[in-house]
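A.B. asks: Read off the chains here:
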Amino acid sequence: MTTIHRVSGLVLVAALLLARAASAQDPRLEHHLDSTTLAVVGALMDSARSAGLPVEPLVQRALEGTAKHAEPDRIIAAVRRLAGELGVARAALGRESSPAELDAGASALRAGVRPEDLTLLRQRRTQSLTVALAALTDLVTGGVPPDSAAAAVLALASRARDDQIADFRRAVERDIALGATPAAAAAVRVDATLREVAGAANSSNPSRKP
Amino acid sequence: MFEHDDDALNRMIDRLREPVEMDPRLDTRVMTRVASPGFGARAASAWEWLRRPRAVVISPITGLGLAAAIAVLVWFLPTRAPERGEPLASDVTAVQFVVVAPGAESVSLVGDFNDWDARLTPMCAVRDGRLWTVTIPLAAGRHRYAFLVNGARWLADPSAPRAQDDFGAPSSVVTVGG
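One line per chain: the protein sequences are A and B, in this order.
Start counting the first sequence at 95; every next residue gets the next number (this note's numbering).
Start counting the second sequence at 2; every next residue gets the next number (this note's numbering).
For reference, chain A alone in the conformation it holds in the complex:
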């Protein structure tokens, strides 16, 4: 093989690699971001992909920023922050977590929930954590202190179904809207939900005396 052949081969491989790297960008972002922002967001996405994190939430956060005409720096900061939160969520929830769970876990962390509470939730609940994490986040966003919200959701985690946890969250929000303090609303409603869960379990098992 001559030198010319080697050079041609190297050029070919380099061109292929460059083209492949460029096309690794999400096509939905190419029409919305300038080249510099696209490169930075693309690098963040590549890092997340390499770490086994879901990339779709990052794409959506960037698209939200462009839809809202945010400055490029703000878009990059939001994507970078979310990538970090997804990483912490994965460390807290475990490698087997679904993309939806990691997305919900990242939101919970952002709201102020501690990573340790995410780990406890994973240990206590065998079903998907998406709804439980979303309820936890929404409670904290609605004013319930993170510790109280985590205690309430953890109390429900092992026995309540997703729809019961969602109903619990709605009841707390309703009570807050009617004037109850957030922490008190969560405490009262978690007791009521636990009684409801226990009642449903007893009615489904008539041989067991209350």
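Simulated from the structure, these hints should not be mistaken for laboratory data.
A couple of the hints might just be wrong.
Claimed, not checked - To give an idea of the interface, some chain A residues facing chain B are shown, with a C-beta separation under 7 Å as derived from the structure:
(1) Ala172
(2) Ala194
(3) Val225
(4) Asp256
Because the structure is a prediction, the values reported are computed rather than measured.
From the three backbone atoms N, C-alpha and C, an ideal C-beta is built for every residue, glycine too.
Position chain B against the provided structure of chain A, taking the given hints into account.
C.D. replies: Just chain B now, kept in the frame of chain A:
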């Protein structure tokens, strides 16, 4: 009657017993066909031609042109389908969104379920244009969204939890069980 039939039969038998004249070139034609290569032999020959190593001389400019052509091809080929979290077929739920926007000329539902594209999910006005509504299928998970009024004003959903805001315009979240 029977004798007449016997005569005809005998004539046919005699005719069949006459020797048949063979084409003198028949042997040659048959041997030529036998000696010619069949499909299997042609395929083996073609495979041998493909496998035989040979030097390909290519100039640097041709190599660069070839590389550029392949790069362009790779560039325009779709690389992957956008990952979209959960499968849509099994755990999709129809969710209705409603917002009060009196006097609005248009309201769109915009969120991570439609790539934040305001053109994709226009809402319909009901009750004299005060109320705007749309129902869409959503996969299990937590979705961020907002309403865009008249293509310019972002509204959060007052009946849903607020999302943490990164961009100075409000968003809401809806969680679909699963």
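A.B. asks: None of the hints should be skipped; say for each whether it holds.
C.D. replies: Status of the hints after comparison with the structure:
no., hint, in the structure
1, Ala172, "4 Å, holds"
2, Ala194, "4 Å, holds"
3, Val225, "5 Å, holds"
4, Asp256, "4 Å, holds"
Against the hints set out earlier in the document, no violation occurs for any number.
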